[in-house]
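Q: Could you build the full structure based on these sequences and the hints that come with them?
Spelled out from the first residue to the last, the chains are:
Protein chains: 2
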Amino acid sequence: MNFSSKLLENAVGEFTKLPGIGQKTALRLVLHLLDQDREDVDRFSRSMTKLRNEIQHCRVCHNISDYTVCEVCSSHRRDRGTICVVEDTRDVMAIENTNQYSGVYHVLGGLISPMDGVGPTDLQVDSLIERIRDGEVKEVIFALSATMEGDTTVFYLHKKLKDFNINLSTIARGIAFGGELEYVDEITLGRSITTRVPYENSLAR
Amino acid sequence: MNFSSKLLENAVGEFTKLPGIGQKTALRLVLHLLDQDREDVDRFSRSMTKLRNEIQHCRVCHNISDYTVCEVCSSHRRDRGTICVVEDTRDVMAIENTNQYSGVYHVLGGLISPMDGVGPTDLQVDSLIERIRDGEVKEVIFALSATMEGDTTVFYLHKKLKDFNINLSTIARGIAFGGELEYVDEITLGRSITTRVPYENSLAR
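Protein chains in written order, with the UniProt record's numbering: chain A, 1 to 205; chain B, 1 to 205.
Derived by calculation from the structure, the hints in this document are not laboratory data.
Here the structure is a predicted model, which means the values were calculated and not measured.
Zero decoy hints are in this set.
Between beta-carbon pairs, the in silico distance windows are: (1) A:THR195 with B:ARG90: 51 to 57 Å; (2) A:ASP88 with B:LEU168: 57 to 63 Å; (3) A:ARG46 with B:SER113: 29 to 35 Å; (4) B:ILE187 with A:LYS17: 40 to 46 Å; (5) A:MET1 with B:GLY190: 31 to 37 Å.
Backbone N, C-alpha and C fix where the C-beta goes; we use that ideal spot for every residue, glycine too.
A: Pasting the structure below:
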């Protein structure tokens with residue numbers, strides 16, 4: 001592209017480094033910012049720098065947080081006996097949005113993926129074992145993606161944790177609420193038949 | 001959404017103010033930035049603030065520029081006798097990318113649109129007339145969108161400029177190179193028949 005300004009070209013270049021943002025989109029976004037008041041652009045820029053410089057990871061669950069211990073871990077209304085193991089902060093947000101979970105979390109910071117060079121030591125596994133060793137934990141729920149990487153990670157963690165005297169579970173897999181049978185993939189549909197549940201357990205609350 | 005951090009929520013909120021960026025996309029972009037080095041995030045932020053604070057509008061053509069007079073207007077290789085009138089800087093970039101135009105530009109900064117409350121006085125019309133009055137100009141090319149607003153603006157400008165001793169033209173409309181007839185809309189196809197050109201003029205150079 002033929003930019004009339006180096007400043008513009010730089011700003012567009014920075015935006016195209018973001019995932020899923022091409023040059024045309026970047027230009028549209030930058031020109032939009034250029035139309036805003038200086039204070040607004042300043043606020044935009046400052047919010048990013050501030051976030052990057054001041055964000056912390058919860059000392060207990062490793063979720064990103066404004067404090068050394070996150071709000072969930074420091075809340076007295078959460079059940080510390082149940083730990084939900086997730087990949088990253090987005091999963092915490094998704095589960096919190098359901099309002100169905102009152103335990104605490106453990107954020108691994110990724111999934112085991114030999115193809116991407118991510119092994120167990122790159123994840124927050126040791127600190128999970130430490131939390132369990134502390135004795136308060138009664139159940140660990142694996143809430144990881146239903147992918148090869150997710151399954152591998154669950155397999156690995158299960159092997160590490162099975163000798164502790166705690167319950168290990170994974171979130172249920174099957175047909176989504178509102179899902180139409182004919183569009184469900186074969187593996188999910190097949191498994192949902194073999195892992196069928198008693199009718200009275202199946203009702204959405 | 002249920003953010004685990006106010007800092008994160010702020011940053012996501014700033015991103016969602018950008019056009020076409022929803023909350024999920026904003027979160028993805030911000031978490032990507034959070035994974036980068038502090039210097040990278042700093043460079044990202046600074047490029048926006050710097051752009052907004054230091055950008056100028058060319059004193060002659062009103063295109064955005066790093067200098068008081070833009071590179072096109074100050075170039076000795078551009079023909080100052082031909083002015084191409086466009087809506088905004090994106091159009092200048094698009095035309096520059098064709099490498100087919102060696103004249104100069106005039107950026108209106110918008111199109112006449114009574115529905116959006118944009119009248120001729122909101123656009124750089126007076127300075128265009130002044131440039132023509134200065135005497136060097138031989139041709140004005142209208143390169144505006146083929147929309148109601150674009151047509152209205154051309155109509156207005158034509159009325160203002162028709163008494164000057166200069167050529168007024170608009171960029172050609174018709175079927176795009178590579179376009180298939182059956183997918184062309186009826187108006188474009190009909191007009192392209194009534195405004196047909198001699199064969200030897202129609203060849204793409």
